[in-house]
Amino acid sequence: MNRHQEPQFIAWLPFYTLLQKEIRRFLRVASQTLVTPVITASLYLFIFGATLGERISVIEGFSYAQFVIPGLILMGVINNSFSNVASSLFMSRYLGNIVDLLVTPVSPTQFIMAYTLAAMLRGLAVGLVVWLISCLFATLPWAHPFAAIAMACLASFLFAQFGIIAAIHADNFDSLSMYTNFIILPLIYLGGVFYPISILPPLWAKLSHLNPLFYLIDGFRYALLGVGDLPFPISFGVALVMALVLFCWAASLISRSYRLRN
Amino acid sequence: MTSPALAIQNLSKEYDGTLAVNNLSFTIEPGEIFGLLGPNGAGKSTTINMIAGVTRVGSGSIEIFGFDNQSDSRITRRLVGVMHQEIVIDNFFTIDQALRLHAGYYGVRDDAAWRQRLIDRLGLKPHLHKVMIKLSGGMKRRFMIAKALIHKPRLLILDEPTAGVDVELRHTLWDFVREINQQGTTILLTTHYLEEAEQMCDRIAIMNHGDLIALETTSTLLKELGTRSMLVHLQTPIKELPDHLCCQAVELDDTGTTLRLTLSASQSTGELLKHLCDINLPIADIETRKASLEEIFLQMTQAGRVKP
Chain A
1 MNRHQEPQFI AWLPFYTLLQ KEIRRFLRVA SQTLVTPVIT ASLYLFIFGA TLGERISVIE
61 GFSYAQFVIP GLILMGVINN SFSNVASSLF MSRYLGNIVD LLVTPVSPTQ FIMAYTLAAM
121 LRGLAVGLVV WLISCLFATL PWAHPFAAIA MACLASFLFA QFGIIAAIHA DNFDSLSMYT
181 NFIILPLIYL GGVFYPISIL PPLWAKLSHL NPLFYLIDGF RYALLGVGDL PFPISFGVAL
241 VMALVLFCWA ASLISRSYRL RN
Chain B
1001 MTSPALAIQN LSKEYDGTLA VNNLSFTIEP GEIFGLLGPN GAGKSTTINM IAGVTRVGSG
1061 SIEIFGFDNQ SDSRITRRLV GVMHQEIVID NFFTIDQALR LHAGYYGVRD DAAWRQRLID
1121 RLGLKPHLHK VMIKLSGGMK RRFMIAKALI HKPRLLILDE PTAGVDVELR HTLWDFVREI
1181 NQQGTTILLT THYLEEAEQM CDRIAIMNHG DLIALETTST LLKELGTRSM LVHLQTPIKE
1241 LPDHLCCQAV ELDDTGTTLR LTLSASQSTG ELLKHLCDIN LPIADIETRK ASLEEIFLQM
1301 TQAGRVKP
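Protein chains in written order, with this note's numbering: chain A, 1 to 262; chain B, 1001 to 1308.
Misleading hints may appear alongside valid ones.
As the list claims (entries may be wrong) - For the chain A half of the interface with chain B, some residues (derived, Cβ under 10 Å), not all of them: (1) Q8; (2) A11; (3) L13; (4) P14; (5) T17; (6) L18; (7) R24; (8) R25; (9) V29; (10) A30; (11) S92; (12) G96; (13) D100; (14) L101; (15) V106; (16) L190.
Stated by the list, open to error - Okay, the calculated bits of chain B under chain A, using three or more residues with CB under 8 Å as the criterion: (17) 1031-1045; (18) 1050-1058; (19) 1088-1097; (20) 1108-1118.
These are computed hints drawn from the structure, not numbers from a lab.
All residues carry an ideal CB built from backbone N, CA and C; glycine is no exception.
Construct the entire structure; sequences and hints are all you get.
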């Protein structure tokens, strides 16, 4: 080695490399990370689009399949954005190879952005495929396409932050799966994926407003169908505030290397 | 004036009320091979982890080529390559992929010629496209050295690189370490194989219970702290030990035909030989040997806390 030829430092390269690594990681196990969630969503579409959907109507002017598809797309986006970063970061902590990053000049900002962007890409890729499959069952009007894209991006960003937080706080695989089983799934199912909040009794409808997922799902549905329980600016505004809060939380953990460095 | 490769000042680290590293200070000059030795739990890995940035500094300071490793951490991390004691790998990738990724984490473009050289010198070529999980323990260690060097660090830290590896790999590793040292890379290594430290290191620091108990050039350590022993084989047995022998200790074996004399570093072998002749001992043969670093190490670490 000619030690005197100092290699040139390229500031953006650590971010790009970490992003590349995270994308390659989920592509390498695409059968688990991309195909499985699409199959799950397709089953929901089959049940609610081709079978039960024909007999149910919850919003005037739309079939049940049209009503449920935005929620199913967003469910794929949310679950996969969360899982991508949560499993990757937790495994790195668990197996100890996180030190490979801790000894490098990857900055906290680069760290968060790389994990977040990779998680968003996986979440949005699953969402896109679910939408394409849903075209077999119903056509959506795409009332506000840019708003729909913005809402999907915001949802994936928000759950990527939550994934970082969960991966850092989890002590083992069981506690990590508790975030999915006891927080995300109940919030999704009670957040209006399968029914409009307006059909609930007043108390339950009010309680649903405390569910952060309700704003994401309702906003996304409004963007796709043109109808929702809340005005879009409210849904988007609440989701944006939640995303910023979780981002600040995750950024604080990463910048302090909380539970990463001794 | 050239900054030291590593300057540690009053470094301390406490875990749950126990001092893992206690007020440690030393410097390593550019181009040195520096050995940090000590028994398990002495604080070596904690020190290395603080230098590398894996563990937070408790108190004190660490400067790497003049840059503070806390306030200028993004610079110092580029200057340091670390091979950790534990095998740290990402099972998703092959050796080739992981080396390319690791250069990128350091903000360095992949240098194909340098990567190829590491692969060739460390014998990684036949396994280049295997995922990590399929590699043997020795091959993982070779990969970890390549990984630590992929960004051409100025300071290479090797934390027990030969722990649990076979003799052939050990020789390969040390040959390679000498080679990159000759080309300008400063080396900080810890090892439990003291013979290796004796052969490799220009200077040696010994830690025990978090304290620095010795810091000398290897030759000084061996010369000043090492004892020598002399075996005197006699033609006819003797029953009693001779009087007034100027040495640290004298033992006579059960047959009465071999005397074991222990000399301190400052004692003269010539004078002792002359004295043995003067008292007319029936000497048949004489063997002398110097204490190894291992014996010095045991003597120092078992003696408790002795300040340098």
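Cross-check of the supplied hints:
1. Q8: holds, 7 Å
2. A11: holds, 6 Å
3. L13: holds, 5 Å
4. P14: Holds, because the Cβ-Cβ distance from P14(A) to chain B comes to roughly 5 Å (cut-off 10 Å).
5. T17: holds, 3 Å
6. L18: holds, 7 Å
7. R24: holds, 7 Å
8. R25: holds, 5 Å
9. V29: For V29(A), the interface hint holds, since the closest Cβ of chain B sits about 8 Å away, which is under 10 Å.
10. A30: violated, 12 Å
11. S92: This hint holds: S92(A) lies near chain B, its Cβ roughly 8 Å from the closest one there, short of 10 Å.
12. G96: holds, 6 Å
13. D100: holds, 6 Å
14. L101: holds, 7 Å
15. V106: holds, 6 Å
16. L190: violated, 35 Å
17. 1031-1045: Contact hint for the stretch 1031-1045 of chain B vs chain A: violated, 0 residues under 8 Å.
18. 1050-1058: holds (count 5)
19. 1088-1097: holds (count 7)
20. 1108-1118: The restraint on the stretch 1108-1118 of chain B holds, since 5 of its residues have a Cβ under 8 Å from chain A and three suffice.
Violation of the numbered hints given earlier is confined to hints 10, 16 and 17; the remaining hints are satisfied by the structure.
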